[in-house]
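Here are the chains, one letter per residue:
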Amino acid sequence: MIVCVAVVGHQNNPLYIESFTDADDALKLHHIVHCSLDVVDEQVNNPKKSGPTLNETFLGLLYPTENYKVYGYFTNTKVKFILVTTDLDVRDTDVRNFFRRFHAAYVDAVSNPFHVPGKKITSKTFEKG
Amino acid sequence: MEDYPEEMRSPPVSLVAVAGCPELHQAISAHLHSLQPPINTLALPDLSKISLLIAPNPKDDQSSNPDPVASSGSAGILKRDWLLKHRTKIPAVVAAFFSSDCVSGDPAQWLQLCSDLDNLKAVIRARNIILVLVVVHSHSKDDITEDRMLALRKRAEIDSKLGSIFAELANTYYRDEGRRIKTRIEKKSFSSIELHVRYCFKVAVYAEFRRDWVEAIRFYEDAYHTVREMIGTSTRLPAIQRLVEIKTVAEQVHFKISTLLLHGGKIVEAITWFRQHNASYRKLTGAPEAIFLHWEWMSRQFLVFAELLETSSAAIQSISSLIAGTTERSLTEWEFRPANYYQLAAHYLKEKRSSLEITVSISETLNESDSSADSVVPSVYVGQFARLIEQGDAFLMHPLTDDEYIHYAIAEGKRFQDSFEIIALLKRSYESFSNLEVQRMGALCGFQMAREYYVVGDFTNAKQLFDGVANLYRQEGWVTLLWEVLGYLRECSRKQDQMKNFIEYSLELAALPVLSDIGVQCSRIECGPAGPASIEQKELIHREVFGFIGGELGLTSVTTSTDLKVTGDNQLYLEIDLVSPLRVVLLASVAFHEQIIKPGSSTSITLSLLSHLPLTFEVDQLEVQFNQSACNFIVVNSQRALLDTANDDQWSHRVETAPSLSLSNRWLRLTYDIKPDQSGKLECISVIAKMGPHFTICCRAESPASMGDLPLWKFEDRVDAYPTKDPALAFTGQKATQVEEPDPQVDLNLGASGPAFVGESFVIPVTVASRGHAVHFGELKINLVDVRGDGLFSPRETEPISLDSHHVQLLGMSGPEGEDESNQGVDKIKKIQDSFGLVSVPFLNCGESWSCKLEIKWHRPKPVMLYVSLGYSPDSHDSTAQKVNIHKSLQIEGKTAILISHHFMLPFRQDPLLPSIIKPVPDSDQVATLPLNETSILIVSAKNCSDVPLHLISISVEAEDDNIRKSCSVQNSGDHLDPALLVPGEEFKRVFSVVPKTNVSRLNLGNACIRWRRDSGTEEQSGLAASLVLTKERIPHVNLELSPVVVSLECPPYAILGDPFTYYIKFHNQTQLLQELKLSLADAQSFVMSGSHDDTIYVLPKSEQILGYKLVPLASGMQQLPRFTVTSVRYSAAFQPSSGESTLFVFPSKPHFNTVDVEGKRIESLAAE
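Those protein sequences? They're chains A and B, same order as listed.
Heads up: the first sequence at position 44 corresponds to 44 in full-length UniProt numbering, and the numbers run straight through without jumps.
Heads up: the second sequence at position 1089 corresponds to 1089 in full-length UniProt numbering, and the numbers run straight through without jumps.
Hints are supplied without guarantee of correctness; some may be wrong.
The list that follows gives simulated cross-link-like pairs (lysine to aspartate or glutamate, DMTMM-like), each with its CA atoms no further than 20 Å apart [unchecked claim]:
#	chain 1	residue 1	chain 2	residue 2
1	A	Lys78	B	Glu335
2	A	Lys69	B	Glu893
3	B	Lys862	B	Glu893
4	B	Lys283	A	Asp87
5	A	Lys28	B	Glu893
6	B	Lys283	A	Asp89
Away from chain B, derived, C-beta distances all over 10 Å, residues of chain A [said to hold, decoys possible]:
#	residue
7	Met1
8	Leu27
9	Asp87
10	Asp94
Hint data in this document are derived by calculation from the structure and do not stem from the laboratory.
Note that the structure is predicted; figures quoted are calculated from it, not measured.
Quick reminder that beta carbons are idealized off the backbone N, C-alpha and C, glycines included.
One chain only, chain B, in its complex shape (with noise of 0.2 Å):
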């Protein structure tokens, strides 16, 4: 686009003169300039250069002389210097400014004015240019207000009346002219067709002008068509030269008609005439000598469409709309696209550069002189060339004939470099496609960008670009398409002496799967350097590559020109991975026939080879690779046997012989013993193949099960068969097997008796016993785990954290019986954590043994699993080595081994009336209430729950400070006893009495504590210390209360039948009130009662009311007391004793005590209290 002249390219603007009055010029020239439309300005300072910019040409032109001499009308088409003549010099208004001054001064100046004006008027009217005066007002000296007024007013007025006056006139200017010629259109007054294409270009060009772009096209359409018809029918000119000046000026305005249509937002219109342009033209190729020229322009049209259509299109935001809108579907959205019209500009090059190719071989074969050639310009109309003859001063232009154009031509075509251009055309396309994702058409482009590299000798750019399209070929499976460029990757490596990709190519072109002769009947003008695909290509590909490889061939260096070999110097090593496409040149498939194996033991193992390479060929050894290179083997062809005896001493592994290691496209299965000695994973890794003294192949190794399909032969139409000869392994068979640990032999023993109770430390001895192994570097590792999942750790929100925040608790581990626990190195690992422990154990010989203890601790009735095991390693040297591991599990039971249980009971027979028992406020009735300063008698008791003996140290109520210690005495009722042992099931009681003294309305009494220990039978010593355990119970809060009256029974411990004895009340009032008590009291069968049945009574404050009654009793036996009830007035509270505080044991007679010695014992022991 850029190639055409700037008037061409651009919409016209209108031009005005304007003469005289210089000064302001400046200010017109760019007021009209930025009007819209703008307006050109040529400016003349004086009337009289008027002339000389419109007069030098004064000929009597085409334009006003409708009939000029038929050879010169019939000269050309279009003048190449028409448009841009009324584009910059024949303005449309000329604008003579004179001064006022001049108007109005004296006559030499009018007169001066006259005959510039009639100069001026000459020339214009040639032209018929409109004519417009302007008188300025600058110095009035009439009235100077009014000139100031047009001083101040001068510029706007005559800029904004200028402008607009400039405008119209322009317009009519135009719109005359364009008329005119119009008319000569419509009365077919021309003598030939050349001058139809003219009128009506000129007729567009004023419409455009004004701006009028219906009519601009319309005209353009007008004259294209008649440019079209001129074809067969112009004889002016030679032929060639005929043409190429037809397809100059429909190339001109085409590119009118395109960018007024894109212009105008008419895409659709614009794709459709380019469409239609390409349709009419692409045909006429012209003269075979000169067909280059076609193609040239062809490429042309392409090329800048594709611009227009480019800067157009940005504008327009999606292509995708517009096609949705048009409702036929000629229209594919490609076209639309610029990146396929400059892929056919590309393609039309292509064809001129192998057509002028053609031709410039067929003139340098006539060996004609170009002496000629020089001295050719272009002539004065549009698409023709001349001589330019110099004949003294002057240059006459001196048409040519056909051969001596052509001749010109081919000069001019070989000084551009197509290629370059065709690559630059490509990558904008390439570019295009790729920035819209079309990948296929780019790599369409790609590969052609590439074989321009290619022709041109930039194999770096080419290698890199074919690479990129073949693998997007290899992706899809096109196998035609991927062997042409293949074939050129090969060239390309080939002349940059790249053996190694030289020989990968060649590989993979062997092994693609050409199987029928696609398109082998072609002839080669088209293939690529691989030649044809076909089976006979591939063998002979084969066969070459074989010979580079075996060291045969050499590789002509381009720039050396030495053969390059492959040879010890230059050893050739290929590497084919799991993406590789080499995969299909060498597919190593193993298998192990057993997914685990034990060590030390041996299994199979299925080598499977797979190549499709047309030709079967012979490897000479295949290495094996493993994880555990201890495994590593060597099969050697046992044909080429000879050559590996040279180099045996290097290798250190197996080596097996096989018949033949020839390779085809039938899996070649090979199946041996391995005998792995480690354990763990041993996987194959790899399989090298080794082919030639100098050549190796890596390939990994791939299970059978897990094997991707080949790219390429997949889509193949053909059974795929199993890589082993068992299917089922096919299917399941892996390059990896687990080699098992072997097996421990040490024993390891967990042993525990019976479940564990809550707060002791339960021992559990671990024993490690070595039964055939040594243990190095052993190690122990305990872990608790909670049975029912719930975690060992109570919640924190729950509980405080607190010390035994743990449930159950890892104590510790004491060593060995007799070893202590400094005596263990510094390097021995111990970590004891809560519910994780690590312990190493010491080197154990054969038959020895070692155990330890764990201290287990429960603080909360739980199940627990506790996990031990145990690694070491069987062998000295290596702590690293595999190591053995021993596992065992233990779950043990956490229960409650004593339940301890508390009640209060009050004196015998001594009742303080307690206010808050009588009348019991609704929440207190949980808690015991205690009388104040009196003795109560507090009982606690422990019961062994559990299923074994237990030796119940001690009970005691401990406080938990000083303060309720001094606030209340506690004390045992009994000496301390000797430790008592308790069957499971058997309740012990012990009694406390308690007595609180201080007025305090809430009282803590401290925890119930037991020690006790685990009967542990014989074994005595081993329950020291450390296995007595404290159990404790808090006891709950008590509430004291000081009772105002306390009733008290006394009587004999006895009676005797028909023996009188005296039953005492007493009332002890204990406030400071009058205390007013009724009493009655009912008869009993068994006794005689003296004294009154009801009675009230009056306690004086702060003393004591005693009622005594005689009683005879009448029966012998548990006899029930006489019972009354006794009623508080002031409390309204009534008490009666209970019936077993109101009986009495009646002997018939006295009796006989002859335990006496027993009974004083007794009596001592409760005077000592």
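One chain only, chain A, in its complex shape (with noise of 0.2 Å):
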């Protein structure tokens, strides 16, 4: 189950940050958000020499918790998208559908004209989709 999605600006800056838990580890979550942002860096600053392709965009596990595993997704604007979830058998290929679709429905919300980049995200839609 997914329990935290998150849009994060090329400033590190939280765009957009949602929890799927009843549970009272919202903070704790935004932590976890926090903290893989530390693993995109190093991954997008160091790049495997034995990485796929360069312009992957799929950043893969990022780093697993106890309870929670963490995968990043890195867009060629900077913005990056962070996936909690509690699942521990998670396949890639899942988790790169979703980056897709969460990418199109970011495109989508941030076509807005009213839009100014590198503000939140408040698109009711985006909040649906």
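Take each chain as given, in its own frame, and dock them per the hints.
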């Protein structure tokens, strides 16, 4: 189950963060998302030599915490998508698909002519999608 | 990791025992220990002592007895001291040393020996220990040489051989033991699963003894899996203790496996293994009342693994290369970092603490007596505890019930201060992350650490850490996280009685951009002291902090338990600068409507204030401060006007009144007029808001044009309003404006007429005339600048340093007319340099004027820009006050006034033969050649090439030194002339006769000097000696040559038609040689000539030959005399006089001269010369 998704801007500021748990760990999830940016930074700054392709946006598993798995996605505009899930057995392809759809939703949201790039996303449709 | 016993942490070392011959033990044990792999030695002085070592437990131990009583077999999994026993007590090999004396000695000794051996065998057989008999030959009487040799070789031989033998035998022993137990495992000849684990463990340890790591790991893993299986099946002990035992054993086995893997460099495997270990046990929390034991255990797993990883990863250089090597991406880089594990260890320890607290509170409510906890000790088996009961002299282990055990565990748990442990763990993680520059994870660790400090009550440390973390969150705009941290910080300040900090943090909290209620639904277990991040909470904080500000509320001090209040004694003053996080609380933007204003005129200034606090609040008064304090003004809120009636006397500034000063998240715009008097920059520095009687916020003013976005709020999706109404002003407005200087009311005139001439000192009159301002502290700055920009200095390399290295030079300044320079006071500044001058101007009242003259001398023709600037202050009080400046500039051409030229001539009708002219040497043709001892004529001409008439005073040729003067006489042909007026373009010539006297080949005649001055018309008195200009031109060198033959013509100055006259040609031979000259004469039309046409004459040395021809003119007018050609045979040079020389005027009849007097005078003057 996906417990948290986040869109992080290129200054590492949160653009959109939403958690889907009833438990009182929203703050904890925020911490996890924030910490995962370290891994994103590291991966982006030191790309693996054996990495599949240069333009790979999907960063894969960022780091496993005790209860969660954190996946990352790095767009060309340096906007990062973070996904936190409690499922311990996730297939990469599923995550990839999710991110692709998420990316599309994000593009739709920021295509709003009234949206200022770099500001928080307040689109209702985005929340639904 | 340090909690584990030594035998667990280090790999086992083979053990052998040596008995007998104690004198050799030292050497043997040292040698065995230095072997690779080392062997530990048990040294027994006597054979009989070995039974003391091994005999004390001759019990039928489980290893020798395959089918023991079932109860004893399943009493536990591993015995606590088994490993230690095998490492320190039970040798693999016993070596009995006998000296040869004993063997070959008397029967009594022999018997003794046999019995010792029997005893020994009996002891060791039970354990299958291998026996080695060593007979030491030390005293062989038979063969001394052999004995010697033995004695010599003894050490080496015994050592080397024994060493390898020991190693081999020890290996054999461990292998056999291992194999023996292995067969038991394979045959499954064990009664319980505990024994299976135990056997596996033992086999692995024996393998470790043999350094067979692969087998060791295999059996450890086997043991581990078996232990895992026991969880569901074992029923031996009470449930809680059973789990504790299983976990403890699993922990030990896991530790062994991890150590072995990491020592083998298999980090990836080790981490994977740890992950499995973690995954399989994490859920095994056990009974709820013992759950804290589980968390403690988990925490220990992580801590130990982190330590192991840290020690081994020091040896492995790059983790990234390791990761790159792994093909599957199941492991992330973070799992290789020990910091990660430290952090998790801390996390579990925290879990343990919280569950322990719950358990303690439950047990306390049950109010059990804890009498039984003291006598509980660890039992024989790993992971088991028992009560020690004294029964007479003996102690009896009595198994515990679960309740008792929990009781004991709680008592134990209470003894430890988990918080410090947690802080220590987090600190290691934090430092490790910081070293790796992983700032966000580090921040999380720091945050958790600070929270622990906060819990413990160490607010200083907590605050420091929180501050660091808050900075990162501020920077990256993580509002929810910042909210949490600020909440803690606020509470820290509250607990430390820091009113100012408390209010600062409260204000920042209240102004955070929490718009939607993020996570408001969560129950408040995990929420920090700030409460949930919501608008209501913000408003609550806002109200609270304004309660403090207004002095209505007080901060209840922890230490003195009195209320700290913002009162008169306890004024509060906050400063908000450009980087302060409190900018969101109050932002002041100040814009001048004009960027340049005149002094004394007024301009508008717009003051815009913004606050992101959730509720609107009123400011009592605003004070606007400028760098010119005279401009400061105060805006008073009219609704609270009574507040400042009390202290209006202290304000000398302007007071404005505003209808309302309520600040909210919309710009409050106030526009006022301002009228600066001083010139220069006028900048708004700060806006000070006063709220309540004792609270002020000083906010740095910002220009709207360069105002940065507000931190945090800039990420919000909202429309930013402009600080000013006029959007253009919002983009360009500045908080500073330039106040111009007052207009100068003084004239500065540069009066210069016409171009300047090279060589003269050109005078430029400068006039300072006051029209409205009195001139105080006036200063005149003079600058000469080359128009073309190539500098006034000649390049050093082309011209040697000389006085006139300046092409144009400022010579000086003469004071106003009639004023002597000495009159000027000592304090008057007067500095004149070559191209720069500074002159002080005396005090001038309105209407007065002052003038001076600048003297500039040109050395080269060059246009020059003259800049003169006058700085003065119209005010007499203060010399440092703003000065008024006037600038004037003038371009002046420098021109050459007089052009000097010269040329040489020979006397009329006299021609010396100069061989060098006849045969010119290619180089020397440029230089004029003069005959030695003959008179030559030098004509110097001066041409006025300027636009103004010039007075020529004199023309002379001046030799440079006396030698030349002696060697050559230069004579003016005429007398001194009156100053001649040269109109532009006119040329004046002067004739000099030059007679070189000394025989030098090269003659320097000196300079042609022309003294002149400007024709200044009527103002003759101004052109004093100073204006007399000397222009010099150097006359180039001339060559001197002695002419061998001089030919001169002599004939009367005129002839009369029909009247005969004689025409002489003189040849003067100046050499010591006979000169042969050929002469040919051509007929002329107008003359009848007598004499030979062609002739050859011989002129004797140093003599003169004269040829005379009688001529009768036949026509009048200018007539050509018969032309002749002389050829010198010796010099093969021909000479023909020029046509001008051989022309004569013939009068038709004898002329009558009326002007006899004139002629006489002329003759006179000639005679005088």
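Against the structure, the hints:
The suggested pairing of Lys78/A with Glu335/B is violated, with an alpha-carbon distance near 25 Å, which exceeds 20 Å. At roughly 86 Å between alpha-carbon atoms, Lys69/A and Glu893/B are farther apart than 20 Å, so this suggested pair is violated. The suggested pairing of Lys862/B with Glu893/B holds, with an alpha-carbon distance near 6 Å, which does not exceed 20 Å. For a cut-off of 20 Å, the pair hint linking Lys283/B to Asp87/A stands: about 16 Å separates their Cα positions.
With a C-alpha separation of about 84 Å, the suggested pairing of Lys28/A with Glu893/B is violated against the 20 Å cut-off. For the given pair, Lys283/B sits about 17 Å from Asp89/A by alpha-carbon distance, which is consistent with the 20 Å threshold. For Met1/A, the shortest C-beta to C-beta distance to chain B comes to about 17 Å, beyond the 10 Å cut-off, and the non-interface label holds. At roughly 6 Å, the least C-beta separation between Leu27/A and chain B is not larger than 10 Å, which violates its mark as non-interface.
No Cβ of chain B comes within 10 Å of the Cβ of Asp87/A; the nearest lies about 14 Å off, and the non-interface call holds. Residue placement check: Asp94/A keeps its beta carbon more than 10 Å from all beta carbons of chain B (closest about 15 Å).
Checked against the numbered hints listed earlier, the structure breaks hints 1, 2, 5 and 8; every other hint is satisfied.
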